[in-house]
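Q: The residues making up each chain are set out below.
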Amino acid sequence: MFSILASKAKTSRANKTGSWRSLKKPKYLKTNCIGCKLCKLICPEGCIEGKEKNQYDTNLDYCKGCGLCVYICPKKDIEMVDEDK
Amino acid sequence: MKKFLEGSWAIAEAAKLCRPGVISAYPITPQTHIVEHLAQFVADGEIDAEAINVESEQSAASVVLGSQNAGVRSFSATSSQGLFLMAEVLFNIAGMRLPIMLVCANRAISAPINIWNDQQDSISLRDSGWIQLYAENNQEAVDLMIAGYKIAEDSKIMLPIMVCIDGFILTHGMETTDMPSQEEVDKFLPKYNPPFKLDVNNPMSFGLLGDPSVYTEARFSVQKTFDDVIPMINKVGKEFQSAFKRDSVRLVEEYKTDDAEVVLVTMGSLCGTIKDAIDAQRANGKKVGLLKVVAYRPFPKAAIAQGLKSAKFVGIIDKNISLGSDGALYTEVKSLLNDSNKQISGFIAGLGGRDITITTINNIIDLTEKEENHCKFVDVKKELLWEEFHAS
Chain A
1 MFSILASKAK
11 TSRANKTGSW
21 RSLKKPKYLK
31 TNCIGCKLCK
41 LICPEGCIEG
51 KEKNQYDTNL
61 DYCKGCGLCV
71 YICPKKDIEM
81 VDEDK
Chain B
86 MKKFLEGSWA
96 IAEAAKLCRP
106 GVISAYPITP
116 QTHIVEHLAQ
126 FVADGEIDAE
136 AINVESEQSA
146 ASVVLGSQNA
156 GVRSFSATSS
166 QGLFLMAEVL
176 FNIAGMRLPI
186 MLVCANRAIS
196 APINIWNDQQ
206 DSISLRDSGW
216 IQLYAENNQE
226 AVDLMIAGYK
236 IAEDSKIMLP
246 IMVCIDGFIL
256 THGMETTDMP
266 SQEEVDKFLP
276 KYNPPFKLDV
286 NNPMSFGLLG
296 DPSVYTEARF
306 SVQKTFDDVI
316 PMINKVGKEF
326 QSAFKRDSVR
336 LVEEYKTDDA
346 EVVLVTMGSL
356 CGTIKDAIDA
366 QRANGKKVGL
376 LKVVAYRPFP
386 KAAIAQGLKS
396 AKFVGIIDKN
406 ISLGSDGALY
416 TEVKSLLNDS
426 NKQISGFIAG
436 LGGRDITITT
446 INNIIDLTEK
456 EENHCKFVDV
466 KKELLWEEFH
476 AS
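For the protein sequence lines, the chains are A and B, in the order given. With my numbering, the residue at position 12 of the first sequence is 12, and numbering never jumps. Adding 85 to a residue's 1-based position in the second sequence gives its number in my numbering.
Next comes chain B alone, as it looks inside the complex (with noise of 0.2 Å):
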């Protein structure tokens, strides 16, 4: 049914219809309603789960973490500098093979202090063994978790998810959204099923110690289950097309790129005002394209690479930086491009709220063909900046 929703409220809603059994998180800032419409949720009697209010993130994963590993389909979410209070255990819960989900509403990070929009919370934990998916909208969102946790519970993969929201943007705005019924969501979604878990009848040991002799193949085997989950989005992705219709749950998604000459490449909700200055830019005359990055861990090259090819000139916009080297987007798409005759290029943009309009857009469209820039930092404020320490 479509409804007119908050973000927020849509990926509570969207919680509540995979029917959790825990939900876990730290209720004060860095947090959205999310969490605060789950507990709503609970407290009302409608939805069969235990919402435990913790002191930190870093016990709301550790909680998510016990109950996933005792059988029970767990929730969390957070943000920015909650997430990174949590990252410990985000690592843990990988290696452990929980697939628990955790919506991240993208904020930036400290310091300076900032509890606006940019994608540096999540990008700095992608090593961290999660499937990062990253949505354009809130439609994008709720159909991202319900396919999520299918992904991640599939006996094959195990492996928990992070399903990625930019902040405000996306989780304070107001956007129609079409909620599935309890029923669809039940008949698409099964119940979750470990091979192992903690049981009084049954005592065993998780988490363990793994020296030298056993560790490598711990990492080798996550590493490898990244390979099949990029068929398993697709295989999902078909499956809840025919039962939703709707094709949100992919790897990529291709916006006029086929006779494209430029193809800008990002991840999230930039991706709309990008295709409004395509559509524009179209009308001129001008072949421009999109190539919207969904899933960044697992990172789908040959998608990247098909989506990409009829492209002369490439702009990728990171709404992150790894300081010291290039946005995190960028880098590993010109890694996967490296000998090809393209012209790409590197640009960062968005940083702790600032607003990416649509004429940032047609700006780097024009760099994009113009010059080839590996870190360019867009509408920069030259008058804030000073060339070194004043002594006085």
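Just chain A, same shape as in the assembly (with noise of 0.2 Å):
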């Protein structure tokens, strides 16, 4: 007898894990962004989209709220803010 033991590729995409996210999430203000793409490295998660300066942002379906990005960001153009904001 077998119970599901494996799953196809992407397939845990399915999964929000957004959600497990608590107080705070990040928010790109988008001024003063120099395109480094250091918050899109950092991220442990790979849940940073965006190709050129002034247009990366978080997808929050995906992102934990570690605040990586902000603590990385040379140009402090990315803070931390409350869920409701």
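There's no promise every hint is true.
[Stated by the list, open to error] Pairwise CB distance ranges (calculated):
(1) A/41 / B/309: 41 to 51 Å
(2) B/198 / A/75: 55 to 65 Å
(3) A/81 / B/281: 42 to 52 Å
(4) A/37 / B/312: 47 to 57 Å
(5) B/155 / A/23: 39 to 49 Å
(6) A/79 / B/408: 52 to 62 Å
Just so you know, the hints here were simulated from the structure itself, not pulled from any lab data. The beta-carbon is built from N, C-alpha and C at its ideal position, and this holds for glycine as well.
Two chains, two frames, a set of hints: combine them into the complex.
A: Right, dumping it as structure tokens:
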């Protein structure tokens, strides 16, 4: 007898794990961005989208709210804000 | 062909005959010659396999997990502390339903540091989801390995299998062993063909997070599969017998139990000594028998109950102890026969390589008849024991 053992690639995207986030979420100010991409590279979830400066943003469906993007941003162009903002 | 072989060598040859594609093991203590011989076979080009040398048993188990998941028959061997270092991965292998074979050369667990034989290592991992078969001699070890892959890899089973062999007593003992030819084994053992595997052309994820909504079913399905392993061992055992003319692949062996009043129950190489003791006792008119448990996981309840049907006195010998409780085999046999009128005793013997002689066995037979014991250590040296720690 077997239960569910394996799944097809990318199917775990159905799990919107952003619901695990509590209290704060990142907010991209999109004013001083130089397009260095550091926020995208450091994100442990790989959920930051965008290619040009001032266009980067977080996909909140998967963001856990760790704040690393805010920590790494050299232009302080991202900040953590309350969930309801 | 009959050969005079060291146990480790026979086991390495048996592994080679099963054509594993990946062999991974940690090569230093606690290891036996098994993987040393296999590494030589690979180096000499006698076997088409990758021998992957790793830095620990935890890694060895992880390597075979990965290779088996990629659809390649894999093999590893270890012992005592090494088996414990694998423990985390062994549970993963069973949960991921990968029919890997591991030969465990049974040895004692520290502390004190001890490299000699008992069965505490594999017994402590009885809950891991691995099939566990215990060999009495090197011939049985070889036979259980060849049949073992066939049992484990059946599409209804897909569970890993641990062939347990008493360290030193068997692994370093020389015996005549009838080694089958490669053609015979190829005919008996089909190629490994899993329903799912890691494949770049069909990407899949394995070993996933199982949250409370699915975890119970994963455990339930392994437990249910163990019910199917019992008839599978019987089925493959019959196939093995017709192919190789030996009946060594079985759940239990009944030795002179038909009319026996006293029946001893144990696993592994000790059964050989007990058979000699029984023959001597029977020559004096005493009706003694042995029930050898080959399959410990799954625990063959019906076969054990059948084997102990005529017994009035049952003596169970464990080369292990669940400290704070009793011997593992005793606990399970006792729970099986709890509502019978038999007098059932448990004995702990042979820990850390202490010899179990025919005198010890005769003593156990006498005690089994005399009184009920639940956890009787035999041959304890009282002069080595203190009642309490001394302040000075």
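Q: Against each hint, give a clear statement of whether it holds in the structure.
A: Checked hints:
Checked against the given bound of 41 to 51 Å, the beta carbons of residue 41 of chain A and residue 309 of chain B, roughly 46 Å apart, stay inside it. A hinted range of 55 to 65 Å holds for the C-beta pair residue 198 of chain B and residue 75 of chain A, which are about 59 Å apart. Remark: the range hint 42 to 52 Å for residue 81 of chain A to residue 281 of chain B is upheld by a beta-carbon distance near 44 Å. Judged by the Cβ atoms, the range 47 to 57 Å given for residue 37 of chain A and residue 312 of chain B holds: they are separated by roughly 55 Å.
For residue 155 of chain B and residue 23 of chain A, the hinted distance range of 39 to 49 Å is satisfied, since their beta carbons lie about 43 Å from each other. At about 57 Å, the CB distance of residue 79 of chain A to residue 408 of chain B agrees with the hint of 52 to 62 Å.
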